[in-house]
Each structure stands twice: as C-alpha cells, then as structure tokens.
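Participant: Residue strings, one per chain:
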Amino acid sequence: MKTRFGPDGIHFFDRTTGWNLLLDECSIPEEQWSIAPRQVSIALTNVCDLSCSYCYAPKSRYRLELARLRRWLLEIDELGCFGVGFGGGEPTLHPDFAEIVSFTAAQTELAVTFTTHGHHLNTQLARHLDGYVHFIRVSVDGVGATYEAMRKRSFQGLLKRLETARSLAPLGLNMVVNTKTVGDLPAVAALAETLGARELLLLPEESTVGRAGIGADTLELLKMWVETYRGPVPLTMGESRAASFPICRALPKERPLDSYVHINAAGELLPTSFSPLGVTLGEGTFYSALRKLQLQSKGESQ
Amino acid sequence: MKIWQGYGSEHSMNLVMVGSFETEADADNVQQLIRRITSQVDIAVDEGVLGVGENNREFGESLRTLLRELDLFILNSHEMEQFRYDVSIEVKGRRLVLTTDEIDVSAFLKILVDQGAKVEVYSAHHHHGTDLGPDTSGS
Ligand code: SF4
Numbered sequence: 000m001k002t003r004f005g006p007d008g009i010h011f012f013d014r015t016t017g018w019n020l021l022l023d024e025c026s027i028p029e030e031q032w033s034i035a036p037r038q039v040s041i042a043l044t045n046v047c048d049l050s051c052s053y054c055y056a057p058k059s060r061y062r063l064e065l066a067r068l069r070r071w072l073l074e075i076d077e078l079g080c081f082g083v084g085f086g087g088g089e090p091t092l093h094p095d096f097a098e099i100v101s102f103t104a105a106q107t108e109l110a111v112t113f114t115t116h117g118h119h120l121n122t123q124l125a126r127h128l129d130g131y132v133h134f135i136r137v138s139v140d141g142v143g144a145t146y147e148a149m150r151k152r153s154f155q156g157l158l159k160r161l162e163t164a165r166s167l168a169p170l171g172l173n174m175v176v177n178t179k180t181v182g183d184l185p186a187v188a189a190l191a192e193t194l195g196a197r198e199l200l201l202l203p204e205e206s207t208v209g210r211a212g213i214g215a216d217t218l219e220l221l222k223m224w225v226e227t228y229r230g231p232v233p234l235t236m237g238e239s240r241a242a243s244f245p246i247c248r249a250l251p252k253e254r255p256l257d258s259y260v261h262i263n264a265a266g267e268l269l270p271t272s273f274s275p276l277g278v279t280l281g282e283g284t285f286y287s288a289l290r291k292l293q294l295q296s297k298g299e300s301q
Numbered sequence: 000m001k002i003w004q005g006y007g008s009e010h011s012m013n014l015v016m017v018g019s020f021e022t023e024a025d026a027d028n029v030q031q032l033i034r035r036i037t038s039q040v041d042i043a044v045d046e047g048v049l050g051v052g053e054n055n056r057e058f059g060e061s062l063r064t065l066l067r068e069l070d071l072f073i074l075n076s077h078e079m080e081q082f083r084y085d086v087s088i089e090v091k092g093r094r095l096v097l098t099t100d101e102i103d104v105s106a107f108l109k110i111l112v113d114q115g116a117k118v119e120v121y122s123a124h125h126h127h128g129t130d131l132g133p134d135t136s137g138s
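The listed protein sequences correspond, in order, to chains S and D.
In this text, residue positions in the first sequence follow numbering that gives the first Met the number 0: the first is 0, and each later residue adds one.
In this text, residue positions in the second sequence follow numbering that gives the first Met the number 0: the first is 0, and each later residue adds one.
Calculated directly from the structure, the hints in this document are not laboratory data.
For clarity, every value in this text was computed on a predicted model and none was experimentally measured.
Built from N, CA and C at the ideal position, the CB exists for glycine as well.
Careful: at least some of the hints might be erroneous.
[Stated by the list, open to error] Far from chain S, by Cβ distances over 12 Å, these chain D residues were calculated:
{"#": "1", "residue": "48"}
{"#": "2", "residue": "70"}
{"#": "3", "residue": "72"}
{"#": "4", "residue": "75"}
{"#": "5", "residue": "93"}
[As the list claims (entries may be wrong)] Derived lysine to any residue pairs resembling SDA-like cross-links, with alpha carbons at most 20 Å apart:
{"#": "6", "chain 1": "S", "residue 1": "1", "chain 2": "D", "residue 2": "5"}
{"#": "7", "chain 1": "S", "residue 1": "297", "chain 2": "S", "residue 2": "255"}
{"#": "8", "chain 1": "S", "residue 1": "297", "chain 2": "S", "residue 2": "282"}
{"#": "9", "chain 1": "S", "residue 1": "297", "chain 2": "D", "residue 2": "109"}
{"#": "10", "chain 1": "D", "residue 1": "1", "chain 2": "S", "residue 2": "249"}
{"#": "11", "chain 1": "D", "residue 1": "1", "chain 2": "S", "residue 2": "27"}
{"#": "12", "chain 1": "D", "residue 1": "1", "chain 2": "S", "residue 2": "2"}
{"#": "13", "chain 1": "D", "residue 1": "117", "chain 2": "D", "residue 2": "73"}
{"#": "14", "chain 1": "S", "residue 1": "252", "chain 2": "S", "residue 2": "94"}
{"#": "15", "chain 1": "S", "residue 1": "291", "chain 2": "S", "residue 2": "33"}
{"#": "16", "chain 1": "S", "residue 1": "291", "chain 2": "D", "residue 2": "87"}
{"#": "17", "chain 1": "D", "residue 1": "91", "chain 2": "D", "residue 2": "22"}
{"#": "18", "chain 1": "S", "residue 1": "252", "chain 2": "D", "residue 2": "65"}
{"#": "19", "chain 1": "S", "residue 1": "297", "chain 2": "D", "residue 2": "83"}
{"#": "20", "chain 1": "D", "residue 1": "1", "chain 2": "S", "residue 2": "234"}
{"#": "21", "chain 1": "S", "residue 1": "252", "chain 2": "D", "residue 2": "83"}
{"#": "22", "chain 1": "D", "residue 1": "91", "chain 2": "S", "residue 2": "276"}
{"#": "23", "chain 1": "D", "residue 1": "1", "chain 2": "S", "residue 2": "23"}
{"#": "24", "chain 1": "D", "residue 1": "1", "chain 2": "S", "residue 2": "15"}
{"#": "25", "chain 1": "D", "residue 1": "109", "chain 2": "D", "residue 2": "85"}
{"#": "26", "chain 1": "D", "residue 1": "1", "chain 2": "D", "residue 2": "27"}
{"#": "27", "chain 1": "D", "residue 1": "1", "chain 2": "S", "residue 2": "257"}
{"#": "28", "chain 1": "S", "residue 1": "222", "chain 2": "D", "residue 2": "102"}
{"#": "29", "chain 1": "S", "residue 1": "297", "chain 2": "D", "residue 2": "117"}
{"#": "30", "chain 1": "S", "residue 1": "297", "chain 2": "D", "residue 2": "44"}
{"#": "31", "chain 1": "S", "residue 1": "297", "chain 2": "D", "residue 2": "80"}
{"#": "32", "chain 1": "S", "residue 1": "291", "chain 2": "S", "residue 2": "276"}
The whole structure should be built from the sequences, with the hints applied where relevant.
Facilitator: So, in structure tokens, the structure goes:
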C-alpha cells in the first residue's frame with residue numbers, strides 16, 4: 000500500500016487490487032505534498048509493427064535502454080509515484096520488455112501497467128511477465144471484420160492473445176469510436192464482459208487533416224449507447240470528449256504535474272506526451288529533470 | 000472520503016488547436032494578442048482581481064481596458080482563467096498551433112475564429128503525423 004499527500008488530501012493505493020482511498024476531509028499543507036506525479040507513462044520504444052490509420056509509422060527509432068530505465072524507476076518509486084504505464088510505439092517490441100516489467104514489479108512498489116495492441120502476447124512472453132503485471136490495456140476497436148479493417152490483423156488471433164493477457168493480469172479494453180466502429184460498441188462491451196475486463200475506455204475519434212473524425216451523428220449514437228449501457232464493465236471516456244459525458248474526477252485539485260508526466264522514447268521528460276516543453280533526462284536523475292520541468296512550466300504560466 | 004478502483008490513467012487530453020490565417024503576419028499578431036491578454040491576466044491574478052477556479056464574475060479594470068483596446072468583446076470573465084493554464088503557442092508560417100492538456104479552451108477558440116482563422120481541434124492521442132506535436136503514438 001502506497002500513500003501520497005496532495006492538494007486533495009491523503010491518497011492510499013494498493014497496486015495488487017487497484018483500490019484507491021482518498022481522505023479528502025483533511026487539508027494537507029503544500030510543503031508536505033508528494034514530489035513525484037501520481038503516474039508516469041514511459042514510451043519504451045517508438046517502434047510498432049502495425050500501421051493504424053490514426054497513428055503513423057514513427058519517424059524515429061528511439062528506445063530507452065535498460066540501465067537508465069532501472070535508475071529512473073527506482074527513483075520514481077522512492078519519490079512517491081503510484082504507478083508506471085509502459086507504452087510506445089508497441090512496448091512489447093522493446094528487446095528488454097520482460098526484464099523492465101519484472102524489475103519494476105520486483106524492485107519497486109510501483110503498479111505496473113502497459114498498453115499494447117496485444118499481438119505479441121504469446122505464451123513465451125506471458126511466462127516471463129507472469130506475476131509482474133498489475134493491469135494490461137489492449138486496443139480493440141471493434142470485432143471481426145471491423146477490427147481487421149482497422150488494425151490489419153486477425154481478430155481470431157487477437158482473441159487468443161486476449162486470453163493470454165487475461166491469464167496474466169486484470170484487463171482493460173481501449174476502443175477508438177468512429178463511424179466504422181460505433182456499431183460494434185455492444186459487441187466490444189460484450190467481449191469486455193466475457194473477458195471480465197475491469198474497464199472499457201472509449202476514445203471518440205477527433206477530426207483532423209485528412210480524417211473526418213467521429214461526426215455529430217456518431218457522437219450522438221455513442222452518447223445514447225453510453226446512457227443505455229447497463230452492463231457490468233465500467234466505461235471510461237477519453238478526456239477530449241469527457242465534458243459531454245457523465246464522468247467523475249476523483250482528484251479535482253491536482254495540478255497537471257501532480258497527476259502525470261511522460262518520458263518519451265528519446266529520454267525526455269514531458270508534462271504530456273506531445274508537449275514541446277520537455278527536459279532531457281540524459282544521464283541525470285529523474286528528480287532533477289522533474290524540478291527543471293516544474294520550474295519551466297511555472298515560468299511559462301507567468 | 001472517496002474510494003474507487005483504477006490504475007490512474009495513461010490518457011491525457013493532448014489537445015491540438017490549429018488556427019490557419021491568411022498571412023503569417025496575421026498569425027503573429029494573434030500570438031501577440033494572446034500574449035498581451037495572458038500578461039494582463041497574470042497581473043490581475045497577482046493583484047487578487049482574478050483567481051483560478053474562482054468562477055470569476057469580474058474582469059477588473061485594466062483587463063477590461065485591454066480587451067476594449069483589442070476590440071475583443073467575445074470573451075467572458077469565467078474564461079479569463081484559461082490564460083493561466085499550461086498552454087503552449089507556436090506560430091508555424093500562417094498557422095498558429097496551440098497545444099494543451101486542458102479541455103477548457105473556449106477563450107482561445109473564440110479569439111482564433113474572431114480573428115479570421117480557420118480552426119481545427121483534435122487530440123494528438125488519436126492523430127499523429129500531422130507535424131503539429133511530437134510523437135504520441137501509442138498502441
Ligand atoms: S498499434 Fe498503436 S502504436 Fe501501433 S500503429 Fe496502431 S496506434 Fe500506433
């Protein structure tokens with residue numbers, strides 16, 4: 000069980016069960032607030048072997064090496080962070096993925112989660128990860144032909160991998176919702192239910208150059224579906240559209256760098272995964288980079 | 000007391016707002032304009048006229064004067080705190096590119112539209128390869 004002090008109160012977290020308890024009746028003086036963010040996401044590699052239309056083939060082939068990762072992970076843990084989420088690219092394509100995961104679980108008290116397309120979760124990798132993962136997020140944008148059209152991989156193959164994932168750790172499904180996938184909402188929710196998934200994260204596709212995005216009609220369908228969904232799997236919403244959906248914020252007073260920072264595959268510490276406001280971690284400590292980032296973002300907002 | 004189950008979230012907003020203008024000078028001017036409002040909002044916060052999370056009902060005199068001078072009558076006082084958020088703004092040719100993790104961005108949207116931009120808003124979590132924000136690809 001880990002504890003953090005912050006603007007919202009005293010927060011307890013158990014990585015094995017994922018339970019959070021917040022005592023928000025008390026107010027904690029600022030000098031006692033935990034230094035590290037609650038969550039750190041780490042892009043282990045930029046490499047991915049899929050080419051989903053809403054992603055792109057990475058321009059760089061950066062990846063983080065094990066020795067530096069180990070040092071940062073120990074530090075992140077000590078500074079009071081609750082968990083790390085490994086991502087990418089496709090994190091399972093990092094040559095030391097299994098070792099990074101097992102090291103984090105064994106040598107720190109951090110919750111270990113990762114986001115994957117799932118297709119490399121074979122029995123061999125599963126054996127290496129067994130007992131070291133607390134939560135897995137798998138991208139499933141639809142079932143059958145819908146899935147195959149989006150991800151260009153076999154859906155049957157995915158189902159097999161999902162079984163493997165499920166045998167390893169509690170599972171969440173991530174679904175990009177657009178005109179092509181919205182009709183599959185009941186089927187993906189049913190799949191999530193069958194798998195005993197802990198969460199279904201809905202990510203309405205946004206509009207951008209060359210892509211139409213979700214569209215008002217589809218968004219309306221999504222809303223109606225969310226409102227009428229009575230299944231057992233908790234729904235969560237990508238933040239971009241969260242405002243128009245019923246959501247609750249557990250820690251409303253958190254400032255951005257209290258809740259989350261991102262380390263990209265090039266070894267930069269960023270307030271978000273896209274931000275231009277980064278600090279190179281280099282061979283230095285996570286703490287010194289975090290302090291720099293805190294000062295930098297303070298300067299920016301002044 | 001609150002109690003819930005979950006492993007935090009790896010998903011942040013990653014909002015990208017792009018305003019395309021007719022000329023580079025237009026984009027530059029709007030960046031300047033946003034900078035001026037931001038500085039004035041900072042002063043108003045320091046002076047205790049405005050607060051963040053306070054549901055501000057008043058602009059305060061200096062801010063009102065500036066907005067009048069800028070001929071900007073589209074913003075309301077609640078929106079002023081948005082200028083205190085962690086927002087970064089860059090001009091790339093005729094485009095002004097705003098990136099943030101916030102969802103409350105109406106003030107910026109209004110300014111861009113008011114100043115003649117064609118505006119696009121999306122999350123970089125879903126859309127990569129637009130050259131408007133670093134690599135955010137994730138499985
Ligand atoms: S699986 Fe994920 S990282 Fe790979 S191309 Fe698709 S969205 Fe991008």
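Participant: Would you mind marking each hint as holding or not holding in the structure?
Facilitator: Results for each hint:
no., hint, in the structure
1, 48, "16 Å, holds"
2, 70, "26 Å, holds"
3, 72, "25 Å, holds"
4, 75, "17 Å, holds"
5, 93, "14 Å, holds"
6, S/1 <-> D/5, "14 Å, holds"
7, S/297 <-> S/255, "11 Å, holds"
8, S/297 <-> S/282, "24 Å, violated"
9, S/297 <-> D/109, "25 Å, violated"
10, D/1 <-> S/249, "7 Å, holds"
11, D/1 <-> S/27, "16 Å, holds"
12, D/1 <-> S/2, "14 Å, holds"
13, D/117 <-> D/73, "17 Å, holds"
14, S/252 <-> S/94, "39 Å, violated"
15, S/291 <-> S/33, "16 Å, holds"
16, S/291 <-> D/87, "17 Å, holds"
17, D/91 <-> D/22, "11 Å, holds"
18, S/252 <-> D/65, "30 Å, violated"
19, S/297 <-> D/83, "10 Å, holds"
20, D/1 <-> S/234, "19 Å, holds"
21, S/252 <-> D/83, "15 Å, holds"
22, D/91 <-> S/276, "16 Å, holds"
23, D/1 <-> S/23, "7 Å, holds"
24, D/1 <-> S/15, "19 Å, holds"
25, D/109 <-> D/85, "18 Å, holds"
26, D/1 <-> D/27, "46 Å, violated"
27, D/1 <-> S/257, "18 Å, holds"
28, S/222 <-> D/102, "18 Å, holds"
29, S/297 <-> D/117, "31 Å, violated"
30, S/297 <-> D/44, "14 Å, holds"
31, S/297 <-> D/80, "15 Å, holds"
32, S/291 <-> S/276, "11 Å, holds"
Checked against the numbered hints given earlier, the structure breaks hints 8, 9, 14, 18, 26 and 29 and satisfies all the rest.
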